[in-house]
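Engineer: For reference, the chains in residue letters:
Number of protein chains: 4
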Amino acid sequence: MKFEYLIGDIYQKINDIEDKGEIASYIPELLKVNPNNFGVHITTIHQVNFGVGNYNDKFSIQSISKVLALILAYRIVGDEIWSKVGVEPSGTAFNSLVQLEADKGIPRNPFLNAGAIVVSDILLSNLKNPKEDFIEFVRNISNNTTLQYSNKIAQSEKAVGYRNVALCNFIKSFGKIENEPSDVLDFYFDLCSLEMSCKELSELFLFLANNGLTVQNNKSILSESQSKRINALMQTCGFYDESGEFAFKVGLPGKSGVGGGIIAIHPDQYAIAVWSPKLNEKGNSYKGMKFLEEFTTRSESSIF
Amino acid sequence: MKFEYLIGDIYQKINDIEDKGEIASYIPELLKVNPNNFGVHITTIHQVNFGVGNYNDKFSIQSISKVLALILAYRIVGDEIWSKVGVEPSGTAFNSLVQLEADKGIPRNPFLNAGAIVVSDILLSNLKNPKEDFIEFVRNISNNTTLQYSNKIAQSEKAVGYRNVALCNFIKSFGKIENEPSDVLDFYFDLCSLEMSCKELSELFLFLANNGLTVQNNKSILSESQSKRINALMQTCGFYDESGEFAFKVGLPGKSGVGGGIIAIHPDQYAIAVWSPKLNEKGNSYKGMKFLEEFTTRSESSIF
Amino acid sequence: MKFEYLIGDIYQKINDIEDKGEIASYIPELLKVNPNNFGVHITTIHQVNFGVGNYNDKFSIQSISKVLALILAYRIVGDEIWSKVGVEPSGTAFNSLVQLEADKGIPRNPFLNAGAIVVSDILLSNLKNPKEDFIEFVRNISNNTTLQYSNKIAQSEKAVGYRNVALCNFIKSFGKIENEPSDVLDFYFDLCSLEMSCKELSELFLFLANNGLTVQNNKSILSESQSKRINALMQTCGFYDESGEFAFKVGLPGKSGVGGGIIAIHPDQYAIAVWSPKLNEKGNSYKGMKFLEEFTTRSESSIF
Amino acid sequence: MKFEYLIGDIYQKINDIEDKGEIASYIPELLKVNPNNFGVHITTIHQVNFGVGNYNDKFSIQSISKVLALILAYRIVGDEIWSKVGVEPSGTAFNSLVQLEADKGIPRNPFLNAGAIVVSDILLSNLKNPKEDFIEFVRNISNNTTLQYSNKIAQSEKAVGYRNVALCNFIKSFGKIENEPSDVLDFYFDLCSLEMSCKELSELFLFLANNGLTVQNNKSILSESQSKRINALMQTCGFYDESGEFAFKVGLPGKSGVGGGIIAIHPDQYAIAVWSPKLNEKGNSYKGMKFLEEFTTRSESSIF
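Residue numbers (full-length UniProt numbering), protein chains in the order written: chain A, 1 to 304; chain B, 1 to 304; chain C, 1 to 304; chain D, 1 to 304.
Incorrect hints may have been included.
Any copy will do: because identical chains look the same in the list, a pair fits if it lies in one copy or spans two.
Stated by the list, open to error - Each computed DSS-like pair below joins lysine-lysine, with the alpha-carbon atoms no more than 30 Å apart:
no., residue 1, residue 2
1, 278, 176
2, 104, 20
3, 158, 176
4, 13, 32
5, 158, 128
6, 219, 131
It is worth saying that the hints were derived from the structure and are not from the lab.
Given the structure is predicted, the values throughout are model-derived calculations rather than measurements.
Modelling step: build the complete structure from the supplied sequences, incorporating the hints.
Structural biologist: Written out as C-alpha cells, the structure reads:
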C-alpha cells in the first residue's frame with residue numbers, strides 16, 4: 001500500500017530537518033520528555049496499520065482528550081450541548097478570554113480550554129463516577145483496557161494551572177457552570193492527563209473516519225450525522241488560531257495537544273496520529289504539522 | 001440521478017416554510033428585489049445540470065465575488081499574497097475592525113470586507129485595466145460572455161458605503177494598501193456588483209470541484225494544490241461568524257453573499273448554487289442555509 | 001456655617017425623590033440592609049462636624065477600602081508600587097479583563113478589583129500579620145479603635161466571589177502576584193468587609209484634605225506630594241466607568257463602594273461621606289451621586 | 001511674584017536635559033519645525049504675564065483646538081451635546097476604535113479624534129460660515145484679531161489623514177454624523193491647523209481659570225458651571241492615555257497637542273502654556289510634561 005512507503009519516506013525527511021519548536025514549559029512534568037521523540041501511525045478502515053519511529057511510546061495527549069470528552073457529552077445530552085458551547089472558530093488564542101466576556105460565559109467552541117471546561121462540567125453533572133466512567137468509555141471505543149490517566153501530569157498541571165482556574169471561575173461567575181470550579185478543574189486536569197501512543201490514538205479515533213462506527217466490531221459510538229459534525233468541528237476549530245492554516249495546508253479534520261500529539265481524520269479512509277514534542281509558536285507540534293502537510297500533499301488526500 | 005429528485009423535493013419543502021429572514025437594507029438598490037425569489041442549481045463534474053425555481057434569474061452575487069478576486073490575485077502573485085492577508089477565521093463580524101487594529105492592518109482572511117479590499121488593491125496594482133481584465137477573467141472561466149457588472153448596484157453601494165470607506169482608509173493608515181483608497185473602493189464596489197444566476201454560478205465555480213481545471217475544456221485556472229486551498233478557505237471563512245455553523249450543519253466549502261446567494265462545492269463531485277434574498281441574522285440567506293443543510297444531510301454528501 | 005444649612009436642605013430634597021437604584025445583589029449579605037437608609041456627614045479641616053440622616057449607622061464600605069489599602073502599600077513600598085499597577089482610568093468596567101490581558105497582568109489602576117488584588121498581594125508580602133496590621137493602621141489614622149471587619153460580609157463574598165477568583169488567578173498566570181491566589185483573596189475580601197459610618201468615614205479621610213496630615217494630632221500619613229497623588233487618582237479612577245461623569249458633575253476626588261457609600265475630598269477644606277444603598281447602573285449610589293452633584297453646585301465647591 | 005523666578009529657574013533646568021522625545025512625523029509639514037524650540041508663558045487672573053524662551057513664536061496648536069471647538073458647540077447646543085459624545089476617559093489610544101464599535105459610534109469623549117470629529121459635525125450643522133465663524137469666535141475670546149489657520153498644515157494633514165478619514169466614515173456608518181464625511185474632515189483639519197504662541201494660548205484660555213469670564217473685559221464665554229465642566233473634562237481626558245499620569249504628576253486640567261503645545265489651567269489662578277515639539281511615546285510634549293510636573297510640585301499648585 002502506497003501510504004506505507006510515503007509515510008516512511010516523509011518521516012525520514014522531516015526527522016532530519018531542524019526542529020524550530022519548543023517543548024511546552026508551563027506544565028513542569030511535560031518538560032521531562034525526550035524532545036527528539038518522533039512517531040507516526042496510520043490506521044485505515046480497511047484495517048491497515050503502519051507506524052514509524054516512536055509510534056508505540058505513550059505520551060500525554062492533553063487537548064486531544066477534549067474531542068473524547070465532547071463525544072461522550074454529545075452522546076449523553078445530545079444537541080442540547082450546543083446551548084452551552086458554540087461551534088465557531090474563536091479567531092485567536094488572545095481573544096478567548098475577551099470573547100468569553102462578550103459572549104457572557106458561553107465559550108466559542110468545545111476545543112478552547114473554556115469550552116472543554118464547560119464540557120467537563122456537563123460530564124460531572126451526568127456521570128456517576130466521572131473519572132472512572134470516562135476512562136471506561138475511552139477504553140471501550142478502542143477495545144484497549146490499558147489506557148490510563150497520568151497522575152503525575154494531572155498533579156503537575158493542577159499545581160500551576162492558574163489560567164484555567166481563572167477561566168473556570170470566570171465562566172462560573174456568569175452562571176454557566178453547575179458544579180464547584182475546583183471539582184470541574186480536577187476532572188478537567190484528569191481528562192487532559194490521558195496517555196496514549198500514536199498507534200493507540202489512530203486506532204481509537206478510527207470510528208470518526210467510519211461514520212461513527214468502530215471498525216473492529218461495528219459498535220455505534222456516534223450517529224453518522226454526529227460523527228460528521230465532530231469532524232467538521234475539528235476542521236474549523238481543532239488547532240486554535242492555526243485552524244485556518246491547518247485546513248489550508250493539510251486539509252484534514254484534526255486535533256492537536258500541547259504534548260506534541262496530533263490526530264487527523266480522513267473520512268471514509270483513515271486516522272493518522274503524529275507525535276513530536278516541540279511546538280511551533282501557535283502551540284502545535286512543529287514537526288507534526290510539517291509531516292502532515294507533506295503527507296496530504298503527496299498522497300493527494302486533503303479532503304478539499 | 002438522485003440529486004434531481006432530492007433537490008426538487010427539498011425545494012418544495014423549504015419553499016413552503018416561513019421565511020424568517022430580512023432583505024439586506026444597507027444597499028438601497030438591493031431592496032428592489034422580489035423577496036420571494038428562490039432558485040437552486042447544481043452542476044456536476046459529469047456535466048449533469050439541474051435547476052429549480054428562479055435558477056435562471058440574475059442577482060447581485062456580492063461577496064461571492066471575493067472568491068473570484070482572490071483566485072485572480074492568487075494566480076498573479078502566488079503565495080506572496082499571504083503576507084498581506086491571512087487564512088484564519090476571524091471569530092466574529094464584530095471583531096473584524098478590532099482585529100485589524102491588533103493585527104496592524106493585515107486582515108484575518110480574504111473573505112472579510114477588509115481582506116477583499118486588500119485583494120482589490122493587489123489587483124489594481126497588477127492589472128492594466130482592472131475592471132475590464134477582471135470581468136474578462138470571469139467570463140473566460142465560465143465560457144460565458146454575457147456576465148456583467150451592475151452599475152446601479154455599484155453606484156448605490158458607493159453612495160452609502162461608509163463602513164467600507166472606513167475599513168479601507170484604516171488599512172491605508174497602516175501602510176498596507178498601495179493605491180489611493182478611493183480607487184481601491186471604486187474597484188471593490190464594482191467587483192461586488194457582478195450579477196449572475198444560480199445556473200451561471202454553479203457552472204462558473206465547478207472548476208473548484210475539479211482540482212482547478214474547467215470541466216468543459218480542461219483549462220487550468222488554479223493548480224490542484226491551489227484549488228484545494230481555496231476550498232479550505234471557503235470552509236473555514238466563507239460565512240463570516242457562521243462559518244463554523246455551516247461546516248457543522250452543511251459540511252461543504254462555500255461562500256455567501258449579501259444578495260442572498262450561496263455557492264457550495266463538493267470536491268470531485270459538484271458545485272451547487274442557491275439564491276433566496278432574505279438573510280438570517282448573521283447575514284446569510286435564510287432559506288439557502290436551510291436548503292443546503294437538508295440537501296447534504298439527505299444526500300449524505302457532507303465532506304466530513 | 002453655610003455647609004450645615006445646605007446639607008440639611010439638599011438632604012431633604014434628595015430624600016424625597018424616587019430612588020431609581022437597586023441594591024447590589026451579588027453579595028447576599030448586602031441584601032439585608034434597609035434600602036431606605038440615607039446618611040451624610042461632613043468634617044472640615046477647621047474641625048466642623050455635621051451630619052444628617054443615618055450618618056451614625058455603620059455600613060459595608062467595600063471598595064472604599066481600596067484607597068486605604070493603596071495608602072498603606074504606598075507608605076511601605078513607595079513609588080515602586082507603580083511598576084505593578086498603573087494610574088490610568090480604565091475606560092469601562094467591561095474592559096477591565098480585556099485590558100488585563102492586553103497589559104499582561106498589570107492592572108490599569110489600583111481602584112479596579114484587579115488593581116486592589118495586586119495591592120493586597122503587596123501588603124501580604126510586606127506585613128507580618130496582614131489582617132491585624134491593616135485594621136491597626138486604619139484605626140490609627142482616625143484615632144478610632146472600634147473600627148472592625150465584618151466576618152459575615154467577608155464570608156458571604158468569599159462564597160460567591162467567582163469573578164474575583166478569576167481575576168486573581170488570571171493575574172497570577174502572568175506572574176504578577178507573589179502569594180497564593182487563595183491567600184490574596186482571603187485578605188482582599190477581609191479588606192472590603194470593613195464597616196464604618198458616614199461620620200467615621202469623613203473623619204478618617206480628612207487627612208487627604210490636609211496634605212497628608214491628620215487634623216486632630218498632626219500625624220503624617222502621607223507626604224504632601226503623595227497625598228495629592230492619591231487625590232488625583234481618586235479623581236480620574238474613583239468611580240469605575242463613571243469617573244469622568246463624577247469629575248464633570250461633582251468635581252471632587254472621591255471613591256465609591258458597592259455598599260452604597262461615597263467619600264469625597266475637597267483639598268484644603270473638607271471630607272464628605274454619603275451613604276444610600278441603592279446603586280445606579282454603573283454601580284455607584286444613586287442618591288449619593290445626586291446629593292454630591294447638588295452639593296458642589298450650590299456650594300460652588302467643585303475643585304475645577 | 002514667585003512664579004516668575006520659578007518658571008525661569010525650571011526652564012533653565014529642563015532646557016538642559018536630554019530631550020528623549022520625537023517630533024510627530026505623520027503630518028509632514030510639522031517636521032519642518034525647529035525641534036529645539038522651547039517656550040513657556042503664564043497669565044494670571046491678576047493680569048500677570050510672564051514668558052521665557054520661544055514664548056512668542058507661533059506653532060500649530062493641533063488638538064488644543066478641540067477644547068475651543070467643544071466650547072463653541074457647548075455654547076450653541078448646550079447639554080444636548082452629551083447625547084452625541086461622552087465624558088469618560090477612553091482607557092487607551094489603542095482602544096478608541098474598538099470602543100467606538102462597542103459604543104455604536106458615540107465617542108467616549110470630545111478630546112479623542114473621534115469625539116472632536118463629532119463636535120466638528122455639530123458646528124458644521126449650526127454655523128453659517130463654519131470656518132470663518134470659528135476663527136471669529138476664538139479671536140473674540142482673546143481680543144486678538146491676528147489668530148489664523150495655517151493652510152499649509154491643513155493641506156499637509158488632509159493629504160495623509162487616512163486614520164481620521166477612517167474614524168469619520170466609521171462614525172457616519174453608525175448614523176452619528178449628519179454631514180458628508182469629507183466636509184466634516186475639511187473643517188476638522190482646518191480647526192487643528194490653528195497657530196498660536198504660548199503667550200496667545202495662555203491669554204486665550206485664561207477665562208477657564210476665571211469661571212468662564214474673560215479677565216480683560218468680563219465677557220461671559222461659558223457659565224461658571226460649564227466652565228468647571230470643561231476643566232473637569234480636561235483633567236480626566238486631556239492627555240489621551242496619559243491623562244491619569246498628568247493628573248497624578250501635574251495635577252492641573254490641561255490639553256496637549258501633537259505640535260508639542262500644552263495648555264494647563266489652575267482654577268482661580270492662572271493659565272500656563274508650554275511648547276516643545278518633541279513628543280514622548282504617548283504623544284505629549286516630552287519637555288512640556290517635565291516642566292509642568294516640576295512647576296506644580298515646586299509651586300505647590302496642583303489642584304489636589
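Engineer: Each hint should be assessed against the structure and marked as holding or not.
Structural biologist: We went through each hint and held it up to the structure:
1. 278 with 176: Between copies only: 27 Å across chains, 35 Å inside a chain, cut-off 30 Å.
2. 104 with 20: Answer is between: at 26 Å across copies they meet the 30 Å cutoff, but 38 Å inside does not.
3. 158 with 176: both (22 Å within a copy, 19 Å between copies)
4. 13 with 32: Intra 26 Å, inter 58 Å, cutoff 30 Å: intra-copy only.
5. 158 with 128: both (23 Å within a copy, 29 Å between copies)
6. 219 with 131: within (22 Å within a copy, 57 Å between copies)
When the structure is compared with the earlier hints, no violation turns up for any of them.
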